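So the sequence lines, in the order shown, correspond to chains A and B. Using the numbering used here, you'd call the opening residue of the first sequence number 1 and step up by one each time. Using the numbering used here, you'd call the opening residue of the second sequence number 363 and step up by one each time.
Warning: the hint list may mix true and false statements.
Covered stretches of chain A (in silico footprint by chain B; criterion: 3 or more residues with CB under 8 Å from a CB of chain B, positions within the stretch not fixed) [to be verified]: (1) 103–110; (2) 276–288; (3) 329–339.
Only part of the chain A face toward chain B is listed, based on derived beta-carbon distances under 8 Å [said to hold, decoys possible]: (4) Ala-88; (5) Leu-250; (6) Ile-251; (7) Pro-303; (8) Tyr-323.
Derived from the structure by calculation, the hints contain no laboratory data. Computed from a predicted model, the values in this text were never measured in an experiment. Ideal Cβ placement from N, Cα and C applies to all residues, glycine included.
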Amino acid sequence: MIEKGKISAFQMGKMIYLAITPTAILTAPGITYTFARQDLWLSPIWAFSGLIAVFAALRLHRLYPGQNIVQAGERILGRFPGKIIGGAYWLFYLYLNGIIVREYGEFVVGAFLANTPLIVVLGSMVLLCAIAVRGGVEIVGRFADLFLPAFFILFLLIIVPIIPDLRVEHMLPIMGEGILPSIAGSLVLQIWFSELITTSFLLPFVSDQKKVVKSISYASIAVILTLVVSNLSTLLLLGDLTGGYTYPFLILARYINLAEFFTHLEALFMAIWVLGGFVKICVFYYVTVLGAAQWMNLSDYRPVVFPLGFLLTLFSIWVAPDYQNLTHAISTSVIFATLTMFVVVPVLLLCTAWVKKRMHAQ
Amino acid sequence: MGIAAVLVVMILCEWPNIKTQKKREKTAFAALTLLGGILAVLLVFVPDMPGPTQFMDALYKPLVNMLEKWTSERSG
């Protein structure tokens with residue numbers, strides 16, 4: 001076994017939750033709005049790809065206990081095709097994590113540290129994550145434990161003070177053009193929901209396997225609820241303006257003005273974003289490192305942490321020349337790429353495994 | 363120069379651990395570091411080299427076109 005650490009089922013749930021929500025509440029309202037208009041708060045409910053991904057991950061783990069999707073793929077398809085899929089997986093996680101790191105960097109530079117070079121922000125975050133990832137899955141799990149309550153409280157601190165300013169008429173008419181716009185809006189959100197397949201890489205390290213299903217369903221429901229709440233509050237406060245901002249949720253935090261005393265609470269949002277983004281990058285980084293180490297049949301994943309971190313920093317610069325191109329890529333080709341890698345491939349693997357089992361039984 | 367400095371620091375930090383590892387791990391470390399170095403130099407000298415995003419765009423072009431046509435129909 002390449003990793004000796006163990007995490008609890010609920011730690012895994014927290015890791016998954018924090019590995020999905022932070023970037024989703026940051027950019028999702030703006031992108032979803034272009035498709036769904038006033039129905040954007042309904043979009044997170046259509047989390048089909050997430051359900052399929054979780055189902056495939058859990059079933060594959062039941063068929064091949066103690067193995068993640070890449071190892072199971074090698075068992076199902078044989079050595080050579082399995083290696084191709086394994087290589088594709090860790091490279092894709094590297095690419096996706098590059099996008100995440102870039103989003104983080106662009107946000108920090110764009111909204112707060114205007115005079116800092118982008119590469120410094122990216123590099124310091126990757127270095128921090130590299131040190132955490134070298135500590136192993138247990139350390140990342142404990143970070144998730146530690147940061148989830150803070151994340152949650154800060155999230156409420158942004159939502160609660162603006163409740164008096166919310167106007168319900170912004171969300172009318174509900175489903176004015178039928179159910180289709182909200183489903184179209186959920187298309188972009190499928191990127192985040194399909195990231196639930198990351199469960200597959202963490203499942204082998206869970207010590208109490210019986211609670212896994214419960215914990216992962218709580219995590220998925222929490223993700224959906226958080227997205228509904230953040231999208232709804234953005235919509236009710238900003239109305240038609242939602243689509244005009246790159247980070248609508250940040251505007252929410254800036255809007256807070258309690259008795260002329262609590263103003264400019266975007267520092268809170270910054271804290272949410274840095275804490276959540278840190279865990280998110282760590283989880284994805286960990287999966288990349290683990291996938292690469294297994295792909296090369298290493299006995300230890302620690303030697304490849306720093307080289308992959310260096311590659312990750314390069315990828316985060318390489319993915320797009322600027323933020324507009326990045327957003328455009330996210331709302332077009334990245335949707336299909338994540339759907340193929342995180343939904344279609346696992347489902348095909350699962351089907352092959354089932355067929356193979358039937359053939360053996362006969 | 364910065365790239366070289368980062369790589370040297372990385373190798374120095376990892377060296378005590380690497381020495382105790384087996385040959386396979388050493389090769390993996392060296393290969394990935396080399397890959398990173400090459401990519402870094404390329405990115406410095408050819409900044410607009412086609413990246414993975416262009417690869418994805420090319421791969422999913424028909425689907426993306428379909429999506430974009432559909433979106434423009436909806437908004438227009």
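Here's how the hints hold up against the structure:
no.	hint	result
1	103–110	violated (count 0)
2	276–288	violated (count 0)
3	329–339	holds (count 7)
4	Ala-88	12 Å, violated
5	Leu-250	24 Å, violated
6	Ile-251	22 Å, violated
7	Pro-303	4 Å, holds
8	Tyr-323	13 Å, violated
In terms of the numbered hints stated before, the structure departs from hints 1, 2, 4, 5, 6, 8, listed from lowest to highest.
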